[in-house]
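Participant: Protein sequences appear in the order of chains A and B. So in my numbering, the last spot in the first sequence is 404, and the numbers never skip. So in my numbering, the last spot in the second sequence is 404, and the numbers never skip.
It is worth saying that the hints were derived from the structure and are not from the lab. Certain hints may be false.
One copy or two, either will do: identical chains are not told apart, so a pair holds if it fits within one copy or between any two.
[Stated by the list, open to error] Below, computed lysine to aspartate or glutamate pairings styled on EDC-like, alpha-carbon distance capped at 20 Å:
#	residue 1	residue 2
1	K99	E124
2	K271	D298
3	K273	E143
4	K138	D298
5	K226	D198
6	K56	E314
7	K171	E267
8	K230	D151
9	K56	D321
10	K99	E122
11	K271	E286
12	K65	E54
13	K379	E124
14	K171	E143
15	K101	E124
16	K123	E100
17	K26	D38
18	K73	E262
19	K123	E314
There are 2 protein chains.
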Amino acid sequence: MNKEMVYLDNSAVTRLDKNVLKAMQPYFFDTYAVATSEFAYTMGIEAKEALNKARMKIAESLGAKKEELIFTSGTTESNNLALKGIMYNQKEKGHLIVSEIENFSVLNTAQRLEKEGYDVSYIGVDGEGKIKFEELKAEIREDTVLVSIQHANQEIGTVQNIKKIAKLLKDKNILFHTDATHTFRRIPIDVSEVPVDLITISAHTIHGPRGIGALFKKDSVKIQKIMNGGFQENNLRAGVENIPAAVGFAKAVELITEEENKKLKNMRDKLIERIEAEIDDVTLNGSRKDRIPQNANITFHYVEGESITLHLDMRGFAVSTGSACFSKSLEASHVILGIGGDHVRAHGSIRFTFSRYNNDQDVEKVVTAIKEVVENLREISPLGKKGSEKNEFSLQ
Amino acid sequence: MNKEMVYLDNSAVTRLDKNVLKAMQPYFFDTYAVATSEFAYTMGIEAKEALNKARMKIAESLGAKKEELIFTSGTTESNNLALKGIMYNQKEKGHLIVSEIENFSVLNTAQRLEKEGYDVSYIGVDGEGKIKFEELKAEIREDTVLVSIQHANQEIGTVQNIKKIAKLLKDKNILFHTDATHTFRRIPIDVSEVPVDLITISAHTIHGPRGIGALFKKDSVKIQKIMNGGFQENNLRAGVENIPAAVGFAKAVELITEEENKKLKNMRDKLIERIEAEIDDVTLNGSRKDRIPQNANITFHYVEGESITLHLDMRGFAVSTGSACFSKSLEASHVILGIGGDHVRAHGSIRFTFSRYNNDQDVEKVVTAIKEVVENLREISPLGKKGSEKNEFSLQ
Chain A
9 MNKEMVYLDN SAVTRLDKNV LKAMQPYFFD TYAVATSEFA YTMGIEAKEA LNKARMKIAE
69 SLGAKKEELI FTSGTTESNN LALKGIMYNQ KEKGHLIVSE IENFSVLNTA QRLEKEGYDV
129 SYIGVDGEGK IKFEELKAEI REDTVLVSIQ HANQEIGTVQ NIKKIAKLLK DKNILFHTDA
189 THTFRRIPID VSEVPVDLIT ISAHTIHGPR GIGALFKKDS VKIQKIMNGG FQENNLRAGV
249 ENIPAAVGFA KAVELITEEE NKKLKNMRDK LIERIEAEID DVTLNGSRKD RIPQNANITF
309 HYVEGESITL HLDMRGFAVS TGSACFSKSL EASHVILGIG GDHVRAHGSI RFTFSRYNND
369 QDVEKVVTAI KEVVENLREI SPLGKKGSEK NEFSLQ
Chain B
9 MNKEMVYLDN SAVTRLDKNV LKAMQPYFFD TYAVATSEFA YTMGIEAKEA LNKARMKIAE
69 SLGAKKEELI FTSGTTESNN LALKGIMYNQ KEKGHLIVSE IENFSVLNTA QRLEKEGYDV
129 SYIGVDGEGK IKFEELKAEI REDTVLVSIQ HANQEIGTVQ NIKKIAKLLK DKNILFHTDA
189 THTFRRIPID VSEVPVDLIT ISAHTIHGPR GIGALFKKDS VKIQKIMNGG FQENNLRAGV
249 ENIPAAVGFA KAVELITEEE NKKLKNMRDK LIERIEAEID DVTLNGSRKD RIPQNANITF
309 HYVEGESITL HLDMRGFAVS TGSACFSKSL EASHVILGIG GDHVRAHGSI RFTFSRYNND
369 QDVEKVVTAI KEVVENLREI SPLGKKGSEK NEFSLQ
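Kindly produce the complete structure, drawing on both the sequences and the hints.
Facilitator: Below you can see the structure in the form of structure tokens.
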């Protein structure tokens with residue numbers, strides 16, 4: 009157990025809110041039946057009503073209708089469903105565009121589609137992680153079916169101008185999917201204003217339960233299901249509905265406030281400000297302005313991210329480094345490489361992600377700790393200041 | 009809320025055991041990090057250890073190694089992964105055999121594969137729901153890659169002789185998948201004795217959490233992943249691991265005892281015995297001998313299943329009818345039709361599924377209630393005794 013640990017890495021998984029569990033409990037123990045049609049027993053009908061109520065609450069938070077929300081097992085499945093569901097539904101194998109700093113569940117699905125004979129273009133990003141808009145425009149072809157560009161990046165926190173992208177694509181009659189896992193309830197999207205066709209969201213980043221996410225799909229957009237079986241979710245996603253998780257997801261959506269987002273932003277800004285003022289040779293990765301409120305990502309030059317992570321861990325702080333995130337290897341982050349960083353910069357980058365359970369004291373404490381850690385590591389580091397950031401360096 | 013209801017339909021979803029939730033709690037609130045490699049923080053390493061411990065406990069209950077267990081979001085995904093994962097991994101589009109009374113997640117995945125150009129054969133069953141072994145043997149071809157036959161049926165509870173099937177297929181070098189969702193921890197399978205290559209299991213039928221299942225895959229068997237993204241689950245299933253659910257799944261596995269299975273069997277036998285003795289014109293669907301301990305499925309002739317369900321519901325009993333289970337329509341059960349029943353028999357079939365939370369008094373009470381309900385319905389039924397079971401009758 010790590011009760012004393014200051015967890016600053018909620019990029020992937022956040023602590024469950026106790027009120028979310030409380031909301032879920034009746035659906036574990038009382039109304040625990042499978043959702044049934046009106047031809048069955050009361051408990052099943054009540055279960056179905058709870059599911060629909062949860063669906064409506066989450067859909068409304070996107071300005072959508074409840075029929076437009078498909079529950080899935082999480083971000084990965086939603087992204088798989090969006091990309092495969094659209095591309096498989098075309099008569100001819102069409103063209104797909106994604107950015108090169110997408111989450112692996114978009115990137116590797118795109119690669120899978122490529123292997124199956126679909127054409128995929130990968131759009132580059134600038135030094136802040138913003139997609140190159142002119143490159144996107146230039147890549148659009150007659151047979152372009154779908155563009156998938158994340159709302160914000162999971163590592164460096166850069167927020168894309170999805171309004172501008174959506175408008176361009178709508179004009180050209182191309183479908184637009186955005187993975188909003190890391191912006192959902194932090195930076196609003198209203199689908200009645202922004203013409204996005206498909207949006208991936210998840211409960212695990214907002215203190216909701218793991219194992220549930222959703223895909224918003226505009227009702228006019230047709231997709232093919234990728235999970236075959238029963239007729240659940242409007243016949244778009246088979247499998248017994250996870251009603252307690254859906255109810256918990258809706259509760260998590262409700263619990264996020266504007267005040268909380270302001271508080272996160274303040275912690276983030278204070279952290280960046282103090283680190284930049286008090287530690288030499290640091291680089292903020294991502295955009296200073298267009299950035300999710302909960303994320304800071306900083307490269308501490310001449311030091312390896314893994315070493316910082318380990319030493320902060322010993323001091324009771326859980327932060328993560330861009331590399332070694334999804335894999336057991338020490339591969340450099342494709343995101344830091346995407347924004348033009350080299351392997352050294354990628355290996356020295358540390359992601360701090362604030363959550364509901366952090367406070368100003370945590371910022372104070374982590375700044376003190378990281379100053380000490382970086383100072384110590386720079387003294388003993390083989391990369392030292394003697395080395396050069398420009399060196400070709402690889403841990404592999 | 010239905011606290012007073014006697015729930016006799018756990019075929020799809022069981023009530024969560026309070027001890028399962030207790031086991032999950034630390035992974036909601038204390039060790040809630042994503043599972044990380046050893047290059048990250050302690051909380052992530054501890055999360056990973058918990059995941060591996062859960063994996064080992066569940067694998068051991070099948071006589072398998074922990075590396076042979078892939079966590080999924082449930083039965084539907086496990087069945088999709090087994091069938092698509094094997095068939096997509098072949099160089100040539102091969103031949104698949106399934107039984108015609110499989111769960112929809114096998115049947116509809118098979119149909120999807122058929123649309124994609126794979127050959128699929130559907131094996132019939134006898135009047136008890138046992139697959140026709142000679143038909144299976146006759147359907148085997150040079151290019152047969154995989155056979156998928158459930159361990160037991162979800163509706164009528166018939167248990168297949170998977171040992172015999174597995175031996176046949178092993179001799180012919182054909183892969184064998186079995187959906188054991190409804191037998192797992194009720195009727196043992198030991199993969200060190202029975203040569204099964206892939207087994208689907210789920211937590212939702214054994215008082216574990218919803219949204220988690222697993223696929224056992226013999227380590228020598230190669231599959232292609234169907235959920236693309238990160239490198240989780242030995243690079244066979246992408247997506248942030250649902251650690252609390254995995255821990256809960258393992259706890260649910262542990263909590264099932266032989267005594268419980270005996271108790272279920274006794275309740276089932278008592279129910280069947282009393283209904284057959286005290287109500288005229290009933291047919292037990294499925295096998296009398298080879299039947300999962302928790303299931304009874306009985307057709308009450310001259311009455312519609314939906315009416316029985318509704319009237320039992322009013323008396324506080326949640327049972328289900330074979331039809332209208334997965335769909336909003338009044339389609340007749342493909343299982344009852346498969347065992348040679350007509351539409352009338354399918355519409356009059358009632359499934360009783362006992363769980364940990366039922367007792368002998370429930371059996372007494374439900375027998376009393378169903379006698380009353382069936383008697384009343386037969387008096388007013390348009391199907392009456394005047395009608396004939398053999399009539400072509402459809403509600404559609």
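Participant: Next, verify each hint and record whether it holds.
Facilitator: Results for each hint:
In this assembly of identical chains, K99 and E124 lie within 20 Å of each other by CA distance both inside one copy and across copies; the values are 14 Å within and 13 Å between. Taking the closest pair of Cα atoms, K271 and D298 come within 20 Å of each other only inside a single copy of the chain (17 Å); across copies the shortest separation is 61 Å, beyond that limit. In this homomeric assembly, K273 and E143 never come within 20 Å of each other (Cα to Cα): the closest approach is 31 Å inside a single copy and 66 Å across copies. In this homomeric assembly, K138 and D298 come within 20 Å of each other (Cα to Cα) only inside a single copy, at 9 Å, whereas the closest approach across copies is 62 Å.
Within a single copy, K226 and D198 get their C-alpha atoms as close as 12 Å, which meets the 20 Å cut-off; across copies the closest is 47 Å, which misses it. Proximity of K56 and E314 under a CA criterion of 20 Å is satisfied inter-copy only: 18 Å between copies versus 47 Å inside one chain copy. Proximity of K171 to E267 under the C-alpha cut-off of 20 Å is found in neither arrangement, the shortest distances being 24 Å within a copy and 61 Å between copies. Taking the closest pair of Cα atoms, K230 and D151 come within 20 Å of each other only inside a single copy of the chain (17 Å); across copies the shortest separation is 35 Å, beyond that limit.
Only between protomers do K56 and D321 lie at most 20 Å apart by alpha-carbon distance; the minimum there is 16 Å, versus 44 Å within a single protomer. Taking identical chains as interchangeable, the C-alpha atoms of K99 and E122 lie at most 20 Å apart whether they share a chain (16 Å) or sit on different chains (17 Å). Neither within a single protomer nor between protomers do K271 and E286 lie at most 20 Å apart by alpha-carbon distance, with minima of 22 Å and 68 Å respectively. Proximity of K65 and E54 under a CA criterion of 20 Å is satisfied intra-copy only: 17 Å inside one chain copy versus 35 Å between copies.
For the identical chains of this complex, K379 and E124 are neighbours neither inside a copy (49 Å) nor across copies (58 Å), given an alpha-carbon limit of 20 Å. Taking the closest pair of Cα atoms, K171 and E143 come within 20 Å of each other only inside a single copy of the chain (17 Å); across copies the shortest separation is 59 Å, beyond that limit. Taking identical chains as interchangeable, the C-alpha atoms of K101 and E124 lie at most 20 Å apart whether they share a chain (9 Å) or sit on different chains (14 Å). In the homo-oligomer, the alpha carbons of K123 and E100 lie at most 20 Å apart both inside one protomer (15 Å) and across protomers (16 Å), since each shortest distance falls under that limit.
For the homomeric pair K26 and D38, the shortest alpha-carbon distances inside one copy (19 Å) and between copies (12 Å) are both at most 20 Å. With identical chains, the CA atoms of K73 and E262 are at most 20 Å apart within one copy only, with a shortest distance of 17 Å there and 42 Å across copies. Neither within a single protomer nor between protomers do K123 and E314 lie at most 20 Å apart by alpha-carbon distance, with minima of 34 Å and 48 Å respectively.
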